[in-house]
Amino acid sequence: MKEKEKGRRDFMGMALGACAAVGGVGALYAAKRTWDPLPSVKAAGFTTIDLSGAQENVLVVEKWRGKPIFVLKKSADMKADERDVVIGSDRFHVSIGLCTHLGCIPAYAGEEKKFKCACHGGEFDASGHQVFGPPPSPLEIPPFKIDGTKLVLGETGPEYQKMLDAGLTV
Amino acid sequence: MAHFEKAKNLNEWLDQRLAVNTLKRVLNTEYWIPKDINFLWAMGMVLAATFGMLVLSGIFLLMYYKPDTNLAFDSVNYTIMSEVGYGWLWRHIHGVGASIVFLIIYIHMFTGIYYGSYKRGRELIWLSGMALFVAFSAEAFSGYMLPWGQMSYWAGMVITNLFSGGSLEAYGLVEWIRGDYVPGDAFLTRFFMLHVLLIPLVIIGLIVLHFGTLRIPHVNNQEGAEIDFEEAADLYKAGKKKESKVIPFSPVFLSKDVFVMGVYFILFFYLVFYNFNFAMDPVNFDPADGLKTPAHIYPEWYFLWSYEILRPFGKDAGLIAFGIAQLALFFLPFIDRSPNVAPAHKRGLFQVWFWVLLVDMIVLTAMGKLPPTDPTFAMLGKISAWTFLALGPILFIITMFEKKIEKGA
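These protein sequences, in sequence, are chains A and B. Adding 33 to a residue's 1-based position in the first sequence gives its number in the working numbering. Adding 146 to a residue's 1-based position in the second sequence gives its number in the working numbering.
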């Protein structure tokens with residue numbers, strides 16, 4: 034009788050434990066999903082920029098996923114670069130405007146055609162290559178897709194995929 | 147139903163139902179503290195009192211604070227500071243308290259290290275204390291996000307970026323922690339929740355555990371002497387208070403604590419009323435702007451030493467060094483191989499080790515505040531970071547060869 038009782042108590046304990054474990058895993062999953070970025074946040078992760086109105090050598094700063102995005106229409110005297118975004122006959126430099134040294138935002142000096150970072154003196158040319166100071170790598174290019182004269186940031190188009198494969202950005 | 151006699155007074159009435167007299171005896175009048183201690187032994191109660199001040203001031207701040215990226219900055223800097231009657235008082239208590247609590251935590255920790263209060267039965271005191279240090283750090287960081295100024299935003303950006311794990315590039319994890327690509331509304335509200343509910347609950351639980359771990363091994367004393375607490379307690383209870391090596395926690399030890407607390411709170415309120423600016427970074431009085439990085443980002447002073455261990459190395463090596471530095475102190479009771487529970491000045495090379503550690507952490511703190519551009523200071527920072535990392539293995543070696551001190555000799 035006693036043995037039997039013990040067996041029944043053990044069974045109840047194990048049944049409760051099993052249910053609690055399943056519930057616990059479920060609750061953990063729910064907690065994880067609750068912390069995920071909301072659909073509205075993710076939807077706001079795409080920014081469309083119209084490039085048709087851009088002027089040569091005038092920097093346009095857009096915002097994508099909270100980060101500054103540099104868009105610079107290249108003038109004829111600027112060197113073509115494999116990192117350029119080409120739309121028709123126009124070439125654009127598009128990059129995330131954060132210095133690759135410590136994440137400050139460089140300013141564009143139009144007459145020198147250079148990006149200059151005030152924090153530690155880093156400089157980048159009009160194609161985003163580091164030319165002076167501590168930055169270890171060129172300005173990063175955000176994922177983009179060309180849509181006519183528009184640029185959709187956050188989507189990976191074939192041109193961006195090519196740059197990625199060639200190791201021109203990370 | 148249990149049998150109850152009619153109570154003669156309120157105390158007896160409570161005692162019948164709650165055993166308040168037993169509680170009082172066990173927790174206060176017969177909880178024994180060694181006599182051979184100094185003011186440094188009061189830091190525990192000073193910390194508890196400071197935590198109390200933080201909770202109290204936090205309650206009042208909570209009534210007007212708005213966890214919304216559009217409203218947070220003004221709710222703190224305009225509403226609480228200039229509209230709410232005495233709102234400035236709660237904010238300054240909260241800001242000064244958050245800074246000073248770390249100073250006392252560090253004093254408390256270094257006292258424990260100096261007197262060997264983490265050894266031989268007291269390991270759990272150290273471990274629960276370190277867990278409290280981590281919880282307080284998380285509490286400080288989450289609280290620093292709430293005013294949503296430039297330093298809040300960029301500290302949030304940099305610290306959450308650490309979770310990308312350097313070359314692991316786990317940006318998915320970083321975005322999950324933030325609930326956004328950059329610190330935004332979801333980020334602010336979840337850190338608000340952590341700051342006002344979850345982490346304080348954890349802290350309170352850990353404080354109870356920390357007190358619990360003290361109960362059996364008892365508080366250490368200035369000589370690290372082993373005391374027969376039962377014998378000493380019997381002497382005390384028999385009226386031989388002079389001969390006994392112990393005093394009861396309450397009211398005797400507590401009255402000493404209260405004196406130290408009195409001196410401490412004079413300093414505390416001097417800072418709150420006349421010198422609160424040290425706890426208020428001027429950069430954080432600019433509203434958060436994701437498109438403008440402050441020229442020089444640095445953490446509050448109490449995180450500078452670990453920040454300086456992160457900074458002089460490359461991205462990955464820095465993260466590893468940082469990780470080691472955060473965890474290393476946890477293992478102190480197990481790295482120290484010496485059989486002696488004694489103050490550092492009786493432990494030969496350990497004394498040297500102790501002062502090198504203390505000075506090294508002060509140098510790291512000073513270097514962490516400076517911009518990374520000066521090569522001399524950068525080098526000094528690097529040397530002290532390496533020194534910190536080397537101190538662990540060095541402690542293991544010197545304590546292995548430490549001679550056993552004969553007690554009573």
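Everything labelled a hint here was simulated from the structure, so no lab data went into it. Keep in mind that the hints are not guaranteed to be accurate.
Some chain B residues flagged as far from chain A (calculated, every beta-carbon gap over 10 Å) [to be verified]:
#1 H149
#2 V166
#3 W322
#4 V328
#5 A332
#6 L437
#7 T439
#8 I481
#9 K550
No more than 27 Å apart at the CA atoms, straight line, and that leaves these computed lysine-lysine pairs for DSSO-like [to be verified]:
#10 A:K100 <-> A:K147
#11 A:K147 <-> A:K75
#12 A:K149 <-> B:K386
#13 A:K65 <-> B:K386
#14 B:K438 <-> A:K146
#15 B:K386 <-> A:K100
#16 B:K438 <-> B:K402
#17 B:K170 <-> A:K100
#18 A:K96 <-> A:K75
#19 B:K438 <-> A:K100
#20 A:K195 <-> A:K183
#21 B:K438 <-> A:K96
#22 B:K386 <-> B:K170
#23 A:K149 <-> B:K461
#24 A:K147 <-> B:K438
From the structure, some residues in chain A lie toward chain B, with a derived Cβ separation under 10 Å [said to hold, decoys possible]:
#25 G57
#26 A60
#27 Y62
#28 L71
#29 V74
#30 R98
#31 K100
#32 L131
#33 P191
#34 K195
Note that beta-carbon positions come from the ideal geometry of N, C-alpha and C, so glycine has one too.
Each hint tested on the structure:
no. : hint              : result
1   : H149              : holds (32 Å)
2   : V166              : holds (36 Å)
3   : W322              : violated (6 Å)
4   : V328              : violated (3 Å)
5   : A332              : violated (7 Å)
6   : L437              : violated (5 Å)
7   : T439              : violated (4 Å)
8   : I481              : holds (34 Å)
9   : K550              : holds (48 Å)
10  : A:K100 <-> A:K147 : holds (20 Å)
11  : A:K147 <-> A:K75  : violated (33 Å)
12  : A:K149 <-> B:K386 : violated (78 Å)
13  : A:K65 <-> B:K386  : violated (61 Å)
14  : B:K438 <-> A:K146 : holds (21 Å)
15  : B:K386 <-> A:K100 : violated (73 Å)
16  : B:K438 <-> B:K402 : violated (51 Å)
17  : B:K170 <-> A:K100 : violated (59 Å)
18  : A:K96 <-> A:K75   : holds (15 Å)
19  : B:K438 <-> A:K100 : holds (10 Å)
20  : A:K195 <-> A:K183 : holds (19 Å)
21  : B:K438 <-> A:K96  : holds (12 Å)
22  : B:K386 <-> B:K170 : holds (22 Å)
23  : A:K149 <-> B:K461 : holds (23 Å)
24  : A:K147 <-> B:K438 : holds (19 Å)
25  : G57               : violated (18 Å)
26  : A60               : violated (15 Å)
27  : Y62               : violated (13 Å)
28  : L71               : holds (7 Å)
29  : V74               : holds (5 Å)
30  : R98               : holds (4 Å)
31  : K100              : holds (7 Å)
32  : L131              : holds (8 Å)
33  : P191              : violated (23 Å)
34  : K195              : violated (21 Å)
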